[in-house]
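Each protein sequence line maps, in turn, to chains A and B. For what it's worth, this note's numbering labels the leading residue of the first sequence as 1, then goes sequentially. For what it's worth, this note's numbering labels the leading residue of the second sequence as 1, then goes sequentially.
Keep in mind the hints are simulated off the structure, nothing from the lab. Be careful, since some hints might not be right.
Claimed, not checked - Example chain A residues on the side facing chain B (calculated, C-beta under 7 Å, incomplete):
(1) Gly-165
(2) His-239
(3) Glu-245
(4) Pro-260
(5) Phe-263
(6) Gly-264
To be verified - From chain A, some residues computed to sit far from chain B (all C-beta separations above 10 Å):
(7) Met-1
(8) Leu-2
(9) Asp-31
(10) Phe-100
(11) Glu-187
(12) Asp-201
(13) Gly-207
(14) Thr-216
(15) Ala-236
(16) Asp-244
(17) Arg-258
(18) Asp-277
In this text, all values refer to a predicted model and were calculated from it rather than measured experimentally. A virtual CB, placed ideally from N, CA and C, is assigned to each residue, including glycine.
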Amino acid sequence: MLDKRLLIITGKGGVGKSAVTAALALRAAYDGKRVLAIAMTDDAGLAVHLGIEQLRYRPTHIISGLEAVAIERPEALNEYLRVQLGVPRLAQLGPLARAFDAVASTAPGIREVITIGKVLYETRKGTWDLVVADGPPTGQIGSHLRAPATVARLVGAGKVLDQTGWMARLLRDTTTTGLIVVTTAEELPVTETLESLVAVDEENLVGIENVIVNRTLDPLDGDIDQLGDGPAKQAALLHSALFDEQERWIAHLPDGPRVPYFFGLHTPSEVAARMADLWGML
Amino acid sequence: MSAVLITGGGGVGKTTLSAGLALAAANRGITTLVMTIDPAKRLASALGLDVLGSDPTPLADNLWGAMLDATRSWNDIARRYAPPDVGPRLTANPFFEAATQHFPASQSFAAAEEMTVHIESGQWDVILVDTPPAAGGIEFFTSPARMRSLLGGRLLKWLTGGSLPGRRLVYHFTARPALRIADAALGSELLEAVAEFLIDLRAAYDGIAKRSREIEHHLAAAHKVVVTTADPAPLSEATKFFELENGTPDLVVFNRVLPESWYHATTAAPAPFGDNLVRWGTEAHRQAEARRRFSARWHVEPATIPWLPQTPSDLEKLEQMIDSAAGLDLDRLFS
C-alpha cells in the first residue's frame, strides 16, 4: 500500500476514514518517508487524529517526516490560478478569484477540480514520497474523481481545459495512485462501499488499492450456554451477535485488511497511533 | 402540531430513531409524518419505504412517510418563489441542478422548505424530520440565513453589476479586465451561461429571502433531538448544537450504550469469556465517562438506547428499540 505516491481515502461518514488516513501517514513517516497528509473536504477529523487543533493551508509539522494541510478556499483557488493557470500578478487575483468562485459555485466540477487538482499537484511536484489524502465521503468521491472529465466537457476552451488531461491521467496511473475505501461491517457503509467500487471501476477513474474494514471483532470461541446469567454472558451474547452480523456484511466485500475494534480508547489520536503500530506489524 | 427534528453526526442511528419515534407517536393515535433522507434497505422495507416518493405515503395506522428529494425540492422552490417569468427559465438552465447542489447547505434548505410546506398544510399532528447528514445536521438551522447571504451577497451583486442588472450585461461580460482573465481561463461561453444563470437567480432573491424567514421561524419553534454515540466525532457534532443560537436541543439521545455495570462486574468467568467481559467493561466505562462529561458540560440528562447487534428490521423491533430506551419522555416530545 505504502509504495504508492498518492493514496486517496474515502468511506461513508463515521466509519473511521480520517483515522485510517492519519494512521497511514504516521506509519509511512515512521518508515522514513517524506509524507504530506491532506484534508480534502472536512479538516476537523484529520486534525484531531493527528493530535492538533486545526489544519491550515500552510503545512503544519506533525512528526519528523510528516506535514499536514487542509484545502481551504480561497487559498486553494489562488494557488490554482497562480500555479496551474499561470495568472501573472497577485494584484489581479482578487476580482478574478471572485469571478472564478461564482463559476465554481454554479458549474459542475470546477470546485472539485480545484480540490483534487491541489492533491495531484502536490503528488506531481516531487517534494513528497507519499501524499495521503483524507478524501470526501463515498457519496462525493465520484464527483471529485470525475471532475477533470466533467470540466473538460463543460469548458470549451481556456487554460482550465488544458489542465484536465494530466490530472485524469495521474489519477488513472495505478503505479502512482490508489483509492482506499474504508468501511465498517454494517449495512449502509458496505452498501455505499460496493456502489462506489462499481462506479469507480466502470468509469475507470482510479485504481482501487484496498477496501479496509474498520472496527472488526474477532470470533469468540467457547460455549456461551455454560455461562450463568450475568454480565459475562450478556457481553458474550452481544459480542457473538455483533460478530455474526459483521461476518454477514464482510462476506459482500473483497478481501482486504481488517482493523480491530479498539476497546476503551479515549481520544482520536490514541486510535490513530494504535492503528499506525498495527500497520507496522502487517 | 409539533415538528421534531432529529439531528446528529453520520452513522449514529438518526434514521432508525426517527422511524422508531414516528411509530411510537402513531401508536399513540397521533397523525404522524416522518420525512427521511436515505434509509438503509432493511429499515426502508420494514417501513414500506422502498416504494416511497417525495409525497407522503401511508405506512401504518396514523403513520405516513415521505422521502426527501433535493432536486425536486429545488425545482419547487424556483417555481414557487421566483418571479413567474424567471422560475421556468431557472429550472431549465443546464446549470440549475449542479448549482443548487453546490449551494451552501443546499440539501438542508430544501429539506427545511419541504418540512415547512408540510407544517403549513395542517394535515399532521407530529412531523418528524430525519435531517441531512451534512455537517452533523447543524446546517439545517443555518441554511435559511446562508441562502439569503448567498443570493443577496456581495459576490452576486459584484458579478451581476450593482442593482438588478439588465440582461445585456451578459454580452458585455468580458469588458472588465478581471473578467477578461477569467475568460482566458474558462472560455467565454461558460462565463456567459453562468452569468445568465446568476442574473436569474438574483431575480429570485426577494421571494426566497421572504420564504427563508418563514422557514427560520418554524425551525426555531421545532423540538430538537440530537442523537450521538459516546465516540469523539459525533460528540463534537452534538456540541455544536449547544453553541448555536436557537439550536439548543430539547433532548439528547446516546445510542449504542453498554451497561456500565459490566465494568464493575467481579464474576469470574472461564476463558475466553472473562477477558471478553473485561474489554467490553472497559468500553462501557469509557462510554459512561464520555456521557458524564457531556452531561455535566451542557447540563442535560440524556436518554440512552442500548447497543443492539442489529438495526431493527421490522415494526415490532422498532417498537422494542423505543421501549428499551431509558429517559425518553415521549409525551413532552410530541406535545
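Structure-based check of all given hints:
Among the interface hints, the one on Gly-165/A is violated; its C-beta lies about 16 Å from the nearest C-beta in chain B, farther than the 7 Å criterion. With a least beta-carbon distance of about 6 Å to chain B, the hint placing His-239/A at the interface is held under the 7 Å criterion. For Glu-245/A, the shortest C-beta to C-beta distance to chain B is roughly 5 Å, which falls under 7 Å, so the interface hint holds. Annotation: Pro-260/A was flagged as interfacial toward chain B, and the flag is violated, the nearest CB pair being 11 Å apart, outside 7 Å.
A distance limit of 7 Å between C-beta atoms decides the matter here; for Phe-263/A the minimum to chain B is near 4 Å, and the interface restraint holds. A hinted interface residue such as Gly-264/A counts as satisfied when its beta carbon comes closer than 7 Å to some beta carbon of chain B; here the least separation is about 3 Å, so the hint holds. Distance to chain B confirms Met-1/A as a non-interface residue, since its nearest Cβ pair spans about 24 Å, more than 10 Å. The Cβ of Leu-2/A lies farther than 10 Å from every Cβ of chain B, with a closest approach of about 25 Å, so its non-interface assignment holds.
Every CB of chain B is more than 10 Å from the CB of Asp-31/A (nearest about 27 Å), matching its label as outside the interface. With a closest Cβ-Cβ approach of about 6 Å to chain B, Phe-100/A is found to fall inside the 10 Å limit, against its non-interface label. Distance check on Glu-187/A: its Cβ comes as close as 5 Å (rounded) to a Cβ of chain B, failing to clear the 10 Å threshold; non-interface status is violated. Every C-beta of chain B lies more than 10 Å from that of Asp-201/A, the closest at about 22 Å, which supports listing it as non-interface.
Non-interface call for Gly-207/A relative to chain B: holds, since the shortest CB-CB distance, roughly 26 Å, exceeds 10 Å. At the 10 Å boundary, the C-beta of Thr-216/A stays outside the reach of chain B, the nearest C-beta of that chain being 14 Å off. Distance to chain B contradicts Ala-236/A as a non-interface residue, since its nearest Cβ pair spans about 5 Å, not more than 10 Å. Some Cβ of chain B comes within 10 Å of the Cβ of Asp-244/A; the nearest lies about 8 Å off, and the non-interface call is violated.
With a minimum CB-CB distance of about 17 Å to chain B, Arg-258/A clears the 10 Å threshold, and the non-interface call stands. Every Cβ of chain B is farther than 10 Å from the Cβ of Asp-277/A; the closest lies at roughly 18 Å, confirming the non-interface assignment.
Checked against the numbered hints above, the structure breaks hints 1, 4, 10, 11, 15 and 16 and satisfies the rest.
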